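**Student:** Residue numbers (this note's numbering), protein chains in the order written: chain A, 1 to 262; chain B, 1 to 415.
Don't read these hints as lab results, they were simulated from the structure. Here the structure is a predicted model, which means the values were calculated and not measured. Worth double-checking, as some hints may not be accurate.
[As the list claims (entries may be wrong)] Derived lysine-lysine pairs resembling BS3-like cross-links, with alpha carbons at most 30 Å apart:
(1) B/Lys171 - B/Lys208
(2) B/Lys171 - A/Lys125
(3) A/Lys125 - B/Lys208
(4) B/Lys208 - B/Lys415
[Unchecked claim] Not the full set, but computed from the structure, chain B residues with beta-carbon under 8 Å of chain A:
(5) Glu28
(6) Ala32
(7) Glu251
(8) Glu255
(9) Asn385
(10) Glu397
(11) Gln398
(12) Thr401
(13) Asn402
(14) Ala405
(15) Gln409
(16) Arg413
[Stated by the list, open to error] Partial list, computed: chain B residues near chain A (C-beta under 10 Å):
(17) Val167
(18) Glu374
(19) Glu376
(20) Thr377
(21) Pro380
(22) Lys415
For each residue, glycine too, the CB sits at the ideal point set by N, CA and C.
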Amino acid sequence: MSEEALYVGCDVGSSRTKVAVIDAAGRLRGLAVRKSGTDFAATADGCLTEALAMAGGEPGRIARAVSTGYGRMNVRYAQDQRTEIGCHAGGCYHAFPRAITVIDIGGQDNKVIKLDAAGRRTGFKMNRKCAAGTGAFLEEMAARLDIPLERMNAMAERSADMVRLGSFCTVFSATEVLEHIRHGKKIEDIVKGVFYSMIKRIVEMDSLTAEVVMTGGVVAHNPYLVRMMEELIGRPVLVPPHPQFTGAIGAALYARSGFRES
Amino acid sequence: MSEEKKAPRKKLAAAADINRFMRDYYLELDAAARAGSPKIAWCTSVGPAEILRALGFLVYFPETHSAMLGATRMATDLIPEANAIGYSPDICSYLTADIGAFLRGVTPLQKAFGIQSIPRPDVLVYNTNQCRDVQDWFVWYGEKFNAPVLGVHTYRGVDEVTDRHIVSIAKQLEALIPPLEKVAGRRFEMEDLRRAVDLSRQCSELWKQILDTAAARPSPITFFDGTTLMGPAVVGRGTPQAVEVYRKLLEELEERIRRREGAVDEERFRIYWDGMPVWGRLSAHAQLFAALHANVLASTYCNSWIFSALDPNDPITSMARAYTELFIVRSDEAKEEYIRRMLSFFQVDGIIYHDAKTCPNNSNCRYGMPQRLEKETGIPSLIINGDLNDLRLISDEQTKTNVEAFIEQLEERRK
């Protein structure tokens with residue numbers, strides 16, 4: 001085992017906490033993900049232990065750690081913090097170093113981030129106050145339909161006759177779902193309608209210029225969303241190798257380069 | 001756990017004078033309300049205050065009271081009272097907070113100055129230049145107090161201000177005089193109006209000079225300071241006391257410039273704010289930006305009480321012009337031209353638009369203006385969703401992340 005320095009990024013999201021460990025060359029060495037729960041600091045610690053074990057490293061080799069996400073101020077071992085917007089941008093640019101538009105679908109919010117060819121942000125948008133289009137929306141709909149969250153992707157893929165959900169609002173959408181159930185619509189057609197509604201909420205946020213990259217935990221677990229986005233915008237969509245960890249990887253890259261863009 | 005960054009706020013010594021000014025202003029109104037004399041007129045923030053002063057009224061501004069409800073964070077609990085009697089949560093939260101406070105029988109004046117209630121109006125006079133909501137607001141109180149309600153109906157979406165606009169508004173202003181004379185119980189004298197307009201103009205000029213000090217590097221003032229320092233410009237225009245208190249404030253700011261003392265330590269980013277303040281988060285927002293070495297130093301909002309057209313030699317016509325040249329009633333083209341001038345004058349790095357849920361009239365980011373201005377000037381912009389008074393419409397965490405990410409973006413542009 002070499003004694004080279006390791007760099008840690010910790011992304012404490014509203015739903016999951018992710019840790020990425022990279023080496024000085026920017027190679028990914030360790031990953032871990034856990035439910036964020038209510039004790040963000042303990043979860044971040046647990047993820048670090050797990051990711052370091054995967055990297056085959058000791059805590060003493062951590063040269064620097066950066067935290068991001070809603071719970072970024074709760075990470076004991078982070079020397080600095082960056083916003084998740086900066087970290088998702090950095091993580092995606094590391095995978096696709098050219099002008100890109102990043103779409104991150106998170107548990108509580110969505111982001112559309114535009115980067116120029118040098119990796120500089122030229123603008124970004126976060127969703128407004130409501131949950132429509134976020135992971136929280138998907139969770140609510142899974143509960144309404146009484147199906148496990150992890151089965152939704154396969155069900156949406158099976159649908160041959162998607163239903164249309166018209167509302168912005170999660171509560172109103174849930175009412176629409178109930179109405180479709182009452183009318184005997186197939187669950188997979190409703191699930192596909194839910195997916196389509198999410199994609200629509202995102203394309204309304206900003207114009208999607210340059211190549212589009214999709215990332216985030218929701219995309220990682222529901223790759224069918226990417227295919228639907230491709231169909232909607234009429235061009236291919238890129239996905240980085242570890243979409244759920246893009247924010248954590250971005251934070252680790254910031255830790256490595258001392259806030260210089262990767 | 002990492003510590004949240006906190007930056008010390010630098011207080012202006014003249015802020016104490018402004019506080020005293022506001023206390024004396026409200027105590028005088030309270031005494032008059034209890035004695036029944038002098039007569040009290042309620043006026044909208046850019047209503048015809050000078051005419052009211054010329055007729056000897058003390059002038060009370062409900063919008064300022066409602067801003068206090070916001071700043072003291074009383075508003076959010078009071079708004080539902082007004083919602084329950086039919087005023088939608090989607091309309092002006094100044095209106096709903098103020099009516100809610102009245103229904104509940106509370107006022108921030110009690111804690112601030114020991115005043116039990118807002119002063120009973122003898123007449124209420126609005127100008128719809130702020131919005132149509134002020135008319136509904138005043139009509140509600142007019143019925144409650146059985147007091148006459150008079151108004152000026154503005155033009156909206158004005159591109160170039162023409163004589164046609166001015167003549168029409170001037171006629172409406174003149175038409176206010178006979179019914180106001182009746183309430184005041186005295187004759188209107190043009191000389192009194194000239195004096196009030198002259199004082200208003202002096203106040204306005206000083207307020208402009210105060211806000212213009214933000215062009216210095218570093219800026220000696222922040223927008224958040226401005227929102228509380230502007231009290232005399234709103235409630236005191238047309239009075240000698242407002243002029244006096246602003247002279248002192250201007251001296252202090254000029255002294256800061258001479259000493260190169262910024263309102264924010266190590267000012268690195270200069271931000272322009274468009275839209276309403278979030279009254280219940282003034283301090284939190286001031287801290288947030290200061291910790292990032294960003295100074296929100298200029299705003300459309302504070303500038304909206306600069307009335308350079310006022311002319312004591314032609315008081316009514318010049319009032320009509322001043323109240324029609326106002327940013328809020330102008331076309332998007334005129335607004336964009338104005339903001340472009342401000343960006344250049346204050347050497348701004350970025351613009352923040354506050355999209356206030358209940359204030360569409362003062363949220364200028366809903367029809368593509370940020371995108372157009374960004375394309376023309378290259379200056380990045382950020383929209384934050386929030387509200388002036390209703391804290392139920394705010395996500396502090398989202399605001400914080402947005403602002404921090406915006407400053408990161410500005411930082412990257414310098415590399």
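**Student:** If a hint holds in the structure, say so; if it doesn't, say that too.
**Tutor:** Verification of the supplied hints:
1. B/Lys171 - B/Lys208: 28 Å, holds
2. B/Lys171 - A/Lys125: 46 Å, violated
3. A/Lys125 - B/Lys208: 34 Å, violated
4. B/Lys208 - B/Lys415: 35 Å, violated
5. Glu28: 42 Å, violated
6. Ala32: 43 Å, violated
7. Glu251: Violated, because the Cβ-Cβ distance from B/Glu251 to chain A comes to roughly 40 Å (cut-off 8 Å).
8. Glu255: 36 Å, violated
9. Asn385: 5 Å, holds
10. Glu397: 6 Å, holds
11. Gln398: 6 Å, holds
12. Thr401: Given a least distance of 5 Å, the restraint on B/Thr401 holds.
13. Asn402: 6 Å, holds
14. Ala405: 4 Å, holds
15. Gln409: Nearest chain A Cβ about 4 Å off; hint holds.
16. Arg413: 7 Å, holds
17. Val167: Cβ of B/Val167 sits 43 Å from chain A, so the hint is violated.
18. Glu374: 8 Å, holds
19. Glu376: 15 Å, violated
20. Thr377: Check failed: Cβ of B/Thr377 comes no nearer than 14 Å to chain A, outside 10 Å.
21. Pro380: 7 Å, holds
22. Lys415: 7 Å, holds
When held up to the earlier numbered hints, the structure conflicts with 2, 3, 4, 5, 6, 7, 8, 17, 19, 20 and fits the remainder.
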